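**Student:** As a plain string of letters, each chain reads:
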Amino acid sequence: MNIEQAKEIVISAINTALEGKAEITEDMQLIGGESLLDSMRLVEVCLALEDLADEHGFEFDWTSEAAMSKSRSMFRSVGALAEEFANQSEV
Amino acid sequence: MIIVTGASRGLGQAITERLIERGEEVIGLARNTSGLNINAIECDVSDYASVKNASKEVKRMKKPVKAFINAAGVASMNMAVTTNESTVQKLIQTNLVGTIYCCQLFAPIMLRQKQGSFINFSTIAVALALKGESVYAASKAGVESFSRTFAREMADFNVRVNCIAPGPIRTDLLRGITDAQIGKITSQQVIQKQFQKSDVCDLVELLLDEKATSLSGQVLNVGGV
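The listed protein sequences correspond, in order, to chains A and B.
Take any residue in the first sequence, note its place counting from 1, add 437, and you have its number in the working numbering.
Take any residue in the second sequence, note its place counting from 1, add 113, and you have its number in the working numbering.
Same shape as in the complex, but just chain A (with noise of 0.2 Å):
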């Protein structure tokens, strides 16, 4: 999977979870004060990427020490997330 594949496929997913409520960028925070997404919306979107990654035949992995790590965490950024996801795609 490419990069803009991944991407679409997050926004997609971060927009289902945001009822399409708020326009959606690559640069958006998915953790920390400034996010849109709650714990729960957070949740949801990480289990909607498990479903999406299962129809593309690949196991996403959001419980991995890239997602926890503070720094460089895969939540960082809608663009970090989906550059997480085509990584997974390829192993």
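Don't read these hints as lab results, they were simulated from the structure.
All figures in this text were calculated on a predicted structure; none of them were measured in a lab.
Ranges between beta-carbon positions, derived for each pair:
no., chain 1, residue 1, chain 2, residue 2, range
1, B, E170, A, D475, 27 to 33 Å
2, A, Q466, B, G296, 57 to 63 Å
3, A, N524, B, D315, 46 to 52 Å
4, B, R265, A, E471, 20 to 26 Å
5, B, K203, A, E471, 41 to 47 Å
6, B, E170, A, E456, 30 to 36 Å
7, B, V194, A, E492, 54 to 60 Å
8, B, K324, A, Q466, 40 to 46 Å
9, B, N197, A, G470, 43 to 49 Å
Every residue gets a Cβ at the ideal spot worked out from N, C-alpha and C, and that includes glycine.
Given the coordinates of chain A, assemble chain B onto it according to the supplied hints.
**Tutor:** For chain B alone, coordinates are given in the frame of chain A:
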């Protein structure tokens, strides 16, 4: 199905047997599954990669998980000053860190279902501050604290988290403890008697019952404190 850690011995084994008796499908997690007569997955709860592998295996089964019971544990009855470093590490790593690993890595299955129940194990030694159990009690106090907070994190997803805190139940963990020592402990309980594994199994059934859906973030001290 219901997942039970420490399913090869002690309380975990008793709980597994009780649940199978009542017709539940149980998956036992144990470090050594050879000779076990149940559906089991080899798993060392103190090892993150091992727990992660077990959670992946369960996820691939694509079956609803009704409950996860963290019964694996180790004990050491010693004063802090006579507990060696490796024992301290082992108590914390297995009892506390192991419980955390299992909860965090199996939670996504229940989050997806928006249903489920975690039952973790503490000890009455926490509430009674029992002399000679400082490190063991500290590991279990951590389990209680983790469980109470984790319960709040899971509540939005209709997942409940509770602890059972038994007193001195006759299992391998109490090897070498005399009846007199047990009597000293039970005399501090509200109900001053030694409870059995079957009493703990009854509490597990109680927490799994549909009528217990209002219980979360609680510590049930067996015998009362």
